[in-house]
Amino acid sequence: MEKFVPLNGLVAPLDRANVDTDAIIPKQFLKSIKRTGFGPNLFDAWRYLDHGEPGIDNSTRPLNRDFILNSPRYQGAQILLTRENFGCGSSREHAPWALLDFGFRAVIAPSFADIFFNNCYKNGLLPVVLPAQTVDALFEATIATPGYRLTVDLAAQQVTTPQGVGHGFEVGAFRKHCLLEGLDEISLTLAHAEAIRTFEQSHRAAQPWLFG
Amino acid sequence: MSALTLYDKLWSSHVVREEADGTALVYIDRHLVHEVTSPQAYEGLKLAGRKPWRIDSIVATADHNTPTRDWDQGIRDPISRTQVETLDANIREFGAKAYFPFLDERQGIVHVIGPEQGATLPGMTVVCGDSHTSTHGAFAALAFGIGTSEVEHVLATQCLNMKKARCMLVRVDGTLGRGVTAKDMALAVIGRIGTAGGTGFAIEFGGSAVRDLSMEGRMTLCNMAIEAGARAGMVAADETTIAYLRGRTFAPSDTGWAQAVAYWKTLHSDVGAGFDRTVELQAEDIAPQVTWGTSPEMVDTIDGRVPDPALIADPLRRASVERALEYMGLAANTAITDIRIDKVFIGSCTNSRIEDLRAAALVVKGRKLAASVKLAMVVPGSGPVKRAAEAEGLDQVFIAAGFEWREPGCSMCLAMNDDRLEPGERCASTSNRNFEGRQGAGGRTHLVSPAMAAAAGIAGHFVDVRKAF
Ligand code: SF4
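Residue numbers (numbering that gives the first Met the number 0), protein chains in the order written: chain A, 0 to 211; chain B, 0 to 468.
Any given hint might turn out to be false.
Partial chain B-side listing against chain A, Cβ under 8 Å, derived [claimed, not checked]: (1) D28; (2) V35; (3) A155; (4) N160; (5) G173; (6) L175; (7) G255; (8) E435.
The calculated lysine to aspartate or glutamate pairs, modelled on EDC-like cross-linking and capped at a C-alpha distance of 16 Å, are [said to hold, decoys possible]: (9) K367/B / D394/B; (10) K175/A / E18/B; (11) K367/B / E403/B; (12) K373/B / D302/B; (13) K373/B / E321/B; (14) K45/B / D152/A; (15) K175/A / D20/B; (16) K466/B / D269/B; (17) K373/B / E421/B; (18) K33/A / E42/B; (19) K364/B / E403/B; (20) K50/B / E92/B; (21) K2/A / D152/A; (22) K175/A / D56/A; (23) K33/A / E84/B; (24) K162/B / D152/A; (25) K8/B / D269/B; (26) K96/B / D55/B.
Simulated from the structure, these hints should not be mistaken for laboratory data. We treat Cβ as the ideally placed atom computed from N, Cα and C, and that holds for glycine.
Hey, can you work out the whole structure from these sequences and the hints?
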């Protein structure tokens, strides 16, 4: 996983609540056995006017000009600003893969669905929870100000506006450490292999029917 | 000792170690694997030169991509076939306790076959790269969906890093009315707390109406916990649980059985255990439910009407209702019973078990599908469910009424195979998600119980199964 370095990025506002993982990356793209290449199909049904299928050339497809990510002013956005319960629905990690592949490094919302939230951390995409009023204010500023950028600093746990107003956010110490250092979580866990084996022995003694 | 919740017991019996910030390394007993979310995990394992930690924890099947007819012709979509063959190859290379591949007679939806084979047991931690893993919580197990990185993490270490959730009790007391099912209960709960109501929580379902449910009903209820935002749903173990498990293939046998049962009987919340939140419903108040929008919380009773956005004060909520009605092609204030349907789908890990098929067949028996309904399909959850239904003659009941009787799999729940809605088509579906495009691009999904789906198929529009049949 890549280290999360402080980010100063263009903000794209997606003004919808309950954006589900089927919307983020429709199921036909889940047939891929790779982790990459999902960016062109991020929000496929909203972004294009025709129906997308894996393997087709996306560059010639008709774009839905009304969809926010197709607007010229949000090209190159690295921060997605959205509403509550973002990422609800399935456990597909293809959702954060698609967001990352598209170029997003952080998503700001008042709340996220649990599995999606977890999946983001495993891939170096930072989900930032800010209070609904703050998100409201950021929406207003983003829409009113062409080229609106925010700074997201994980180490400082702060989102900073161009005016220098800081908004703190919560993040668990362990997750923060993994993301800042770009650590391989499996190696970290395997460092505790002895503890796992010891646990396993007593677990097996208590519930032998779970083994074998 | 202080009174513990079921969740507390399941959690503390699986913690290997804890970080200073409370992140725990949690041991996983059962790892269910399917073709969609596992290829990248096995690839990661291979690239790192690792092996699965404990092969006998793995039970695998192919379900999402498999076709539901013409099995003799194999999987015709080459991309789907590659994904299923990738799973075949990975299981061959790395091993599993059990694998039910495409065409195997025990193949089926991963959340149907786990319990059916006795591979899901009380007291277990159960994970799968699929959000509806919450289903297995019906067995007093801690069961939750994980992403592909976590699939790889469990393969490599048998553990997951996680923080303890808060715990919510959803208590439903009383007796469900005739024609009202666990599905209606689940939708009523989601209608009450919203699709984000359970975010950050594990939900325990309790109360006399939950205890009265069969294991099939409890699975339906826990299955939908994720639609309420909760990663895990669970029900205490009791005699119903134990009776269901007795004699199943992977359930403990002989000497192990008595010891296991003694332990399972401790798997309930203690009297006086504290919950972070409690929600109470009365079973008698629950009527058959129908969703009208593009989120499971957009739901009403069969005698209700589609809402009028003009009457919604909150601008964000108004906008989302307007959007949903536009997508669904519904006018404000339409009576739910005036909504006409094009297709019926009876299946999915929510409602494809034998009890669900019986409930639908009871409505269908001796009747005919409405002429305006283009397609009604029944997709059993697994090979054993299919054969059990056929032994009871349910397949003939459906076929005589004009329904199609298919091979098991996820099918039109998410339309990864070629069972799907065409743009604009409207479906009465027993599945769990009515998101935009879920059952096919532009398709319109109304979530209902199996009896309500069957009744809608006969009438051509939604009807109150309690009155019409
Ligand atoms: S039946 Fe539907 S919800 Fe269940 S596992 Fe399959 S695709 Fe997912």
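Against the structure, the hints:
no.	hint	result
1	D28	holds, 5 Å
2	V35	holds, 5 Å
3	A155	holds, 5 Å
4	N160	holds, 7 Å
5	G173	violated, 30 Å
6	L175	violated, 27 Å
7	G255	holds, 4 Å
8	E435	holds, 6 Å
9	K367/B / D394/B	holds, 14 Å
10	K175/A / E18/B	holds, 13 Å
11	K367/B / E403/B	holds, 12 Å
12	K373/B / D302/B	violated, 25 Å
13	K373/B / E321/B	violated, 28 Å
14	K45/B / D152/A	violated, 34 Å
15	K175/A / D20/B	holds, 11 Å
16	K466/B / D269/B	violated, 41 Å
17	K373/B / E421/B	holds, 11 Å
18	K33/A / E42/B	holds, 9 Å
19	K364/B / E403/B	holds, 14 Å
20	K50/B / E92/B	holds, 10 Å
21	K2/A / D152/A	holds, 12 Å
22	K175/A / D56/A	violated, 38 Å
23	K33/A / E84/B	holds, 14 Å
24	K162/B / D152/A	violated, 23 Å
25	K8/B / D269/B	holds, 10 Å
26	K96/B / D55/B	holds, 4 Å
When held up to the earlier numbered hints, the structure conflicts with 5, 6, 12, 13, 14, 16, 22 and 24 and fits the remainder.
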